[in-house]
Amino acid sequence: MMNSKISVISKLFFTWLIVFVLWLAFTTSIEIYEVLTGLFISFIISLFTFKSFTSRGLKGLSPIKLIYVIKYIFVFLIALVKANFHVAKIVLSPSLPINPGIVEFESKLDSDFAKMILANSITLTPGTLSVDVIGNRFYIHWLEVKDSDSEVAFNEIAKQFEDVLLKIYS
Amino acid sequence: MIVIEYLAYFLITLGAVFLFLGALGIFRMPDIYTRIQAGTKSSTLGAMSLVLGTGLLGFVSFTPGYPWLIKTIIIVIFVAIANPLSSHALARGAYKDKIAPFTKENIDAYQEVEKNIEEEMEDAK
Numbered sequence: 001m002m003n004s005k006i007s008v009i010s011k012l013f014f015t016w017l018i019v020f021v022l023w024l025a026f027t028t029s030i031e032i033y034e035v036l037t038g039l040f041i042s043f044i045i046s047l048f049t050f051k052s053f054t055s056r057g058l059k060g061l062s063p064i065k066l067i068y069v070i071k072y073i074f075v076f077l078i079a080l081v082k083a084n085f086h087v088a089k090i091v092l093s094p095s096l097p098i099n100p101g102i103v104e105f106e107s108k109l110d111s112d113f114a115k116m117i118l119a120n121s122i123t124l125t126p127g128t129l130s131v132d133v134i135g136n137r138f139y140i141h142w143l144e145v146k147d148s149d150s151e152v153a154f155n156e157i158a159k160q161f162e163d164v165l166l167k168i169y170s
Numbered sequence: 001m002i003v004i005e006y007l008a009y010f011l012i013t014l015g016a017v018f019l020f021l022g023a024l025g026i027f028r029m030p031d032i033y034t035r036i037q038a039g040t041k042s043s044t045l046g047a048m049s050l051v052l053g054t055g056l057l058g059f060v061s062f063t064p065g066y067p068w069l070i071k072t073i074i075i076v077i078f079v080a081i082a083n084p085l086s087s088h089a090l091a092r093g094a095y096k097d098k099i100a101p102f103t104k105e106n107i108d109a110y111q112e113v114e115k116n117i118e119e120e121m122e123d124a125k
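Quick note, the sequences are listed as chains A and B, same order. Residue numbers for the first sequence follow the working numbering, so the first one is 1 and each next one is one higher. Residue numbers for the second sequence follow the working numbering, so the first one is 1 and each next one is one higher.
Any given hint could be a false lead.
As the list claims (entries may be wrong) - Straight-line C-alpha distance at most 27 Å; calculated BS3-like pairs for lysine-lysine:
#	chain 1	residue 1	chain 2	residue 2
1	B	Lys96	A	Lys115
2	A	Lys146	B	Lys125
3	B	Lys115	A	Lys82
4	B	Lys115	A	Lys115
5	A	Lys146	B	Lys115
6	B	Lys96	A	Lys65
7	A	Lys146	B	Lys96
8	B	Lys115	A	Lys108
To be verified - Selected chain A positions facing chain B (Cβ under 8 Å, derived; list incomplete):
#	residue
9	Val8
10	Val87
11	Pro126
These are computed hints drawn from the structure, not numbers from a lab. Given the structure is predicted, the values throughout are model-derived calculations rather than measurements. We put the beta carbon where it would ideally sit given N, CA and C, even for glycine.
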C-alpha cells in the first residue's frame with residue numbers, strides 16, 4: 001500500500017493509452033478533432049474503469065516484455081494452425097480415432113491474468129478445452145489422451161505457452 | 001497488390017473449408033465435450049481467416065483500404081477473446097449438470113474435484 005498513489009496514476013495512464021489506441025483503431029483517422037475527442041472520451045472511460053482494467057499499470061509495457069508478447073503471438077498462431085489441421089484430420093478419418101478424457105496439471109504461473117491467457121490459449125488450440133481452473137490446477141478436456149499422467153499432459157498441452165508467459169509475467 | 005488479393009482469396013477459402021469441417025465434426029463426435037471441441041475449434045481458424053481474408057480484400061479493393069484491415073483485425077481479436085470463454089462456460093456448465101464425458105479409458109481427473117465442491121456446498125447449507 002506504500003506506492004498506492006503512483007500505481008493509481010500508472011493504472012490510469014495505462015488504461016487511457018489502451019482505450020485511446022482502440023479509439024484510433026476504430027476511427028482510423030488522425031484528424032485533429034477526432035484525436036481530441038478520442039483523448040477526452042477515452043480519459044473519461046478510463047476514469048471509470050482503470051480499477052478493474054489492470055493490476056500492473058505501466059509496468060507491463062517494457063520493450064523486452066513487448067518482444068515476448070510478439071513471440072507469444074507467433075508461438076500461439078503456429079500451435080493454432082497445427083492443431084487445427086490435426087483436428088481436421090481426426091474429423092475426416094472414417095474410424096474417428098479419439099480417446100477423450102479430462103486430465104489435470106499444475107501451472108507455475110501466479111498472476112490471475114496470465115492464468116486466464118493460458119487457459120484461453122489452451123481452449124483456442126483445437127483438441128484441448130479447459131474445463132476449470134482451481135488455484136494452480138488446470139482441468140483440461142483432451143480429445144486424444146496419450147497419458148493421464150499430469151507431467152505428460154503438461155508437456156504436451158501447456159509447456160510451450162507457459163515458457164513464454166513466465167517470461168512476460170515474472 | 002495482386003499477391004495480397006490472392007492471399008485474401010486463399011484465406012477466405014481456407015476459412016470456409018474449416019467452418020465446414022467444424023460442422024462435420026459436430027455431426028460425427030459422440031458427446032457434448034467432443035462436440036464443443038470440434039465445433040468451436042475448427043471455427044476459430046475458420047472464422048479468423050475468413051474475416052481476415054475479407055479485410056485483406058477490402059484493403060486492396062478500396063482507397064483508402066487500411067480501415068478495413070484494422071477493423072477486421074479488431075474483430076479477429078474479439079473472436080479470439082470471446083470464443084474460449086464461451087466454450088469453457090459451456091463445458092463447465094455441462095459438467096455441473098452431471099453430463100458424464102464420453103471416455104474410452106475412463107480418464108476423468110475432474111470427477112473428484114466436482115464431488116468435493118458439491119459436498120462443501122451441501123455442508124454450507
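Going down the list of hints, with the structure as the test:
no.: 1; hint: B:Lys96 with A:Lys115; in the structure: 22 Å, holds
no.: 2; hint: A:Lys146 with B:Lys125; in the structure: 40 Å, violated
no.: 3; hint: B:Lys115 with A:Lys82; in the structure: 36 Å, violated
no.: 4; hint: B:Lys115 with A:Lys115; in the structure: 24 Å, holds
no.: 5; hint: A:Lys146 with B:Lys115; in the structure: 25 Å, holds
no.: 6; hint: B:Lys96 with A:Lys65; in the structure: 38 Å, violated
no.: 7; hint: A:Lys146 with B:Lys96; in the structure: 26 Å, holds
no.: 8; hint: B:Lys115 with A:Lys108; in the structure: 25 Å, holds
no.: 9; hint: Val8; in the structure: 26 Å, violated
no.: 10; hint: Val87; in the structure: 6 Å, holds
no.: 11; hint: Pro126; in the structure: 3 Å, holds
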